Amino acid sequence: MSLALQITDLSKTYDTNTVALRGVSLEVEQGAFFGLLGPNGAGKSTLIQIVTGLVNKSSGQVVVNGDDIDTNPSKAKTHVGVVPQEFNFPIFDRVYDIVLHQAGYYGIPLGKARENAETYIKELGLWDKRDEQARMLSGGMKRRLMIARALVHEPDILFLDEPTAGVDIEIRRSMWQFVRKINEEKNKTIILTTHYLEEAEALCRELAIIKDGRIIRQGTVKELLSRLERDSIILDLATELSSDVQNRLQAQGFEVRDGTTLYISFAREESSITAIIETLKEEGVTVSGVRNETNKLEELFVSLINEN
Amino acid sequence: MNWYGNWVSLVVLTRKEIKRILRIWTQSLLPSVITVTLYFVVFGEVLGSRIEQIQGFEYINYIVPGLVMMAIITNSFQNVVGSFFLAKFQRSIEELLVSPMPSWAIITGYALGGVIRGSIVGGLVLLVSLFFTQLPVTNIFIVLVFTFLTSVLFSLGGLINGVFARNFDQISIVPTFVLTPLTFLGGVFYSLEDIPQAWATVSYFNPILYMVNGFRYGFLGYSDVSVWLCFGVLTALLVLVFFGTWLIFRTGYGLKE
Ligand SMILES: Nc1ncnc2c1ncn2[C@@H]1O[C@H](COP(=O)(O)OP(=O)(O)OP(=O)(O)O)[C@@H](O)[C@H]1O
Ligand SMILES: [Mg+2]
Chain A
790 MSLALQITDL
800 SKTYDTNTVA
810 LRGVSLEVEQ
820 GAFFGLLGPN
830 GAGKSTLIQI
840 VTGLVNKSSG
850 QVVVNGDDID
860 TNPSKAKTHV
870 GVVPQEFNFP
880 IFDRVYDIVL
890 HQAGYYGIPL
900 GKARENAETY
910 IKELGLWDKR
920 DEQARMLSGG
930 MKRRLMIARA
940 LVHEPDILFL
950 DEPTAGVDIE
960 IRRSMWQFVR
970 KINEEKNKTI
980 ILTTHYLEEA
990 EALCRELAII
1000 KDGRIIRQGT
1010 VKELLSRLER
1020 DSIILDLATE
1030 LSSDVQNRLQ
1040 AQGFEVRDGT
1050 TLYISFAREE
1060 SSITAIIETL
1070 KEEGVTVSGV
1080 RNETNKLEEL
1090 FVSLINEN
Chain B
55 MNWYGNWVSL
65 VVLTRKEIKR
75 ILRIWTQSLL
85 PSVITVTLYF
95 VVFGEVLGSR
105 IEQIQGFEYI
115 NYIVPGLVMM
125 AIITNSFQNV
135 VGSFFLAKFQ
145 RSIEELLVSP
155 MPSWAIITGY
165 ALGGVIRGSI
175 VGGLVLLVSL
185 FFTQLPVTNI
195 FIVLVFTFLT
205 SVLFSLGGLI
215 NGVFARNFDQ
225 ISIVPTFVLT
235 PLTFLGGVFY
245 SLEDIPQAWA
255 TVSYFNPILY
265 MVNGFRYGFL
275 GYSDVSVWLC
285 FGVLTALLVL
295 VFFGTWLIFR
305 TGYGLKE
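These protein sequence lines are chains A and B, in that order.
Just add 789 to wherever you are in the first sequence, counting from 1, and you've got the numbering used here.
Just add 54 to wherever you are in the second sequence, counting from 1, and you've got the numbering used here.
Wrong hints could be hidden among the right ones.
Cβ-Cβ distance ranges computed for the label pairs, FRET-style [unchecked claim]:
hint, chain 1, residue 1, chain 2, residue 2, range
1, A, ASP798, B, PHE143, 33 to 43 Å
2, B, LEU83, A, ASP920, 17 to 27 Å
3, A, LYS864, B, LEU301, 16 to 26 Å
4, B, PHE143, A, ASP920, 22 to 32 Å
5, B, TRP253, A, GLU921, 47 to 57 Å
6, B, ARG77, A, ASP798, 43 to 53 Å
7, B, LEU83, A, ILE1005, 55 to 65 Å
8, B, GLY177, A, GLU907, 31 to 41 Å
9, A, GLY914, B, ARG77, 23 to 33 Å
Residues from chain B that face chain A, not an exhaustive set, calculated with beta carbons under 7 Å [said to hold, decoys possible]:
hint, residue
10, MET55
11, GLY59
12, SER63
13, VAL66
14, LYS70
15, ARG145
16, SER146
17, GLU148
18, GLU149
19, VAL152
20, SER153
21, PRO154
22, GLY306
By construction, these hints were calculated from the structure, which means they are not laboratory data.
Bear in mind that the values here come from a model prediction, so they are computed numbers and not experimental data.
Heads up, the beta-carbon is just placed ideally off N, CA and C, and yes, glycines get one too.
Chain B extracted, bound-state conformation (with noise of 0.2 Å):
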């Protein structure tokens, strides 16, 4: 196919993506936002006002990032994870593979299918905050930045686990095993300065933790690790989890016998 062609492909995949995303609205979108929703209603009417301020801020404005960054990160990758399992476990993966969609055309389509709803749905919850508190915004272009970076990274990680996943239970480990902990872990809810220095260690080590600082420091303009590292470290996982996709769908493992 020629490169029209091949737009074409890219352009008729996340389309599909999109339709999908807003048919099963009620699946795709609205979860997030009642899950987060309670959470501003916790943390910030009913406990906010009881819990000291953090790095000089507000409770309710210092969780707010990273509870966007929280619904971006698991739309991102749920969507791309059930959307491709669902293709393969009925056999429509198959429209793609007999066709002469290039490969990284289908990756894209996919991976631009889980940005999409990660986007959404976290600007839904921005859009929800709203009624709780008037966030500062420091440096927008490092909020869309560090969204269209970690939509992508854990769209891309969707479709790994969606091309490995033999079973519905194994398109659920990562999200429940891994995402939410390293969530919770990754400094959505306190400053690494307010807690024991083993743990602050610790948590140098999960990656999310980079995400969620980046992120939060383009709205108040504080984050507990440099942006640049925040930055690094999330390119750096872009192109591993880049490459790891590239080669599957180069090989065929996992989608062809």
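So that you can see chain A by itself, here it is in the shape it has in the complex (with noise of 0.2 Å):
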């Protein structure tokens, strides 16, 4: 298969001195659902910026479906539409004009571009509000504007940084179906940064984790969460616990919530929950739910982050 993207031992040092990318390699398949995870600060938003051609980068080499941005930049821009981190459409313009306007800057002519900037504005279910000026917009409908304008295009790449940030939990539903299909139906290749591991969990088949300008890990996600070495688990129990039992728990490693909740973190290679489950029903306990206290990739992302 060949790649959507393929970046090779990129730098990033702006004016200030900041070291934002250190060597960074990166290969991403045409058609991957990919996720780019880090703390704040990491880089994301620079390597981004780099491969769209917003920030110049320091040094490494960037291939964009096999174009190369420093030899063939203007090819390799009509291959991706990006949805930038911060709001940045001409505010007093109308949504239509902003989409319809986007398309002729890639040189889509006035009738193809209308149809196109029809049918994702629509799409997002921006359409009743095409006459109205961007600033009137709510911040869900802001960022939607600017998936829609990135897509009118139709790029087979969609860079979106955060594109869920401070949007309701309807709204980002929806969007993650709207993203998904894309990916699925029209097989456009995906590249996503969130701080909602739950949403990268839910979206992405392959991840990086970014920090400090580099990447600490990469691979599929199934790969990467069975890496975890330890599970935790809460247990609701049907029936109080008395004194004596809790007791007994405790030594054995519960952590006792309250009178009917149980949390217990176990290593795999030592454990799993079926023993657990074993040990309360020899004390005689019923239990009635399991959970996990947060979500995996969570866990993953912050014992990653915060080794060495």
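Starting from the two chains in their separate frames, assemble the complex, guided by the hints.
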């Protein structure tokens, strides 16, 4: 399969001497749903801005769908659509004009541009708002406007830099659905950054975790999660525990949160959920429900970021 | 992008600039017309009869071309510096930078916006002048050439200013501290023949003098300096500014980190 994005040894030092990227190499296959995770200031936006031509790199090579951004910038740019982290549309322009003009900047003739603008404004649920000035939109609508604008020239690769920041749950879910759809049905490559690990887990098939301008882990979501050595679960109990049982369970590493809730953290090699349930059964405790305390990816993320 | 795509992008950007000028016409078109009309009233009607003829021309006739030029200069400059800085400020310039639109098309699109606003306002001011005097036209071709070249020059100047500006103050520095003084001292209100030699000598270093005089020659057939010299100075400045603008967009200086 050919590559949508191939980054080799990419570095960036800003004029302020801030080093944002330190030799990042990354390959994303066509049709992938790729997540870029990392704490604030890790270099995620910088990477996206270099690929999309908004920031000049200091060194390294970037090839988009086979076109190098240095030797073939114009072609490379047509492959890519970008939804930036911060709002960057002309706030006094009408929603429709913003999307239409963007098509024009990509050289799409007026007739086709109108058609595409209508299609994507409708798909993002903004057709009612097409005549409003962009500054009148709510935060979530502004994000959707930027998605419509990013798609209007029908790029193969879509970059989404924290697309769901500040978006309510319902709209977030419908945006997920939309992005998944264009990934699956139109085979567009999606590269997404997010701070919601739940979002990354729900959407992405592959991840790279970036910290201080370096990629510290990369792989499929499954692979990464299987490396998580510890599991922790919360057990809801059907009946209140007697203090006797409480003491015995505590001695075995359980944490009693209140009379009917238990928490336990265990290493995969040493124990298993079955064994834990078994122990509780012996104590005559009925488990009515099992939950994860946190999202699993979140645990992995936190453990990786806190390493070294 | 192929040449047709480039052409489309240029047309779209230019149309957007024109729409903006028309949408905010109370800020973009009206102010200069009002200011210059006031000049006409004061210097034409109220004081005009008390001022002697200059080089054989009624005072109002002598100053109209200069005032029109002043309107063209300020409006082309302000249109581009304003529009471009706003695009930078609200980051919508990124819409252009992520697209495959070539630098020359971006430059041309913004510059055309300035040329169009300069020309519209210049035309309006000229129209208003008809209420005060009937200006002769010696050579319409010269009038048009000087209008076009001057507005291109100051549009590109505005673009460079917009690229370098870091805040809203920095977009009003040049109009206030450079353009207005240079225009007032650029022979709009007097002939170099009538002022002390020292001042006249200094005036030769003022580039706007050549634009005002060349433009005035198109109407009155009179200029303090040779029209060819005017044309030469204007062209030289244009080449300089054009090269500067091209360099900026080529390297991304002030546009990309
Ligand atoms: N324009 C700039 N000039 C100077 N330094 C910058 C600039 N933009 C980003 N940086 C610095 O580069 C580093 C990486 O920033 P970047 O925006 O890429 O991080 P990020 O991973 O996107 O963070 P976040 O999750 O907060 O969006 C940070 O230290 C930041 O301060
Ligand atoms: Mg960011």
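Verification of the hints:
no.: 1; hint: ASP798(A) with PHE143(B): 33 to 43 Å; result: 34 Å, holds
no.: 2; hint: LEU83(B) with ASP920(A): 17 to 27 Å; result: 24 Å, holds
no.: 3; hint: LYS864(A) with LEU301(B): 16 to 26 Å; result: 24 Å, holds
no.: 4; hint: PHE143(B) with ASP920(A): 22 to 32 Å; result: 24 Å, holds
no.: 5; hint: TRP253(B) with GLU921(A): 47 to 57 Å; result: 56 Å, holds
no.: 6; hint: ARG77(B) with ASP798(A): 43 to 53 Å; result: 47 Å, holds
no.: 7; hint: LEU83(B) with ILE1005(A): 55 to 65 Å; result: 57 Å, holds
no.: 8; hint: GLY177(B) with GLU907(A): 31 to 41 Å; result: 37 Å, holds
no.: 9; hint: GLY914(A) with ARG77(B): 23 to 33 Å; result: 27 Å, holds
no.: 10; hint: MET55; result: 4 Å, holds
no.: 11; hint: GLY59; result: 2 Å, holds
no.: 12; hint: SER63; result: 5 Å, holds
no.: 13; hint: VAL66; result: 3 Å, holds
no.: 14; hint: LYS70; result: 6 Å, holds
no.: 15; hint: ARG145; result: 4 Å, holds
no.: 16; hint: SER146; result: 4 Å, holds
no.: 17; hint: GLU148; result: 5 Å, holds
no.: 18; hint: GLU149; result: 6 Å, holds
no.: 19; hint: VAL152; result: 5 Å, holds
no.: 20; hint: SER153; result: 4 Å, holds
no.: 21; hint: PRO154; result: 4 Å, holds
no.: 22; hint: GLY306; result: 6 Å, holds
Checked against the numbered hints listed earlier, the structure breaks none of them; every hint is satisfied.
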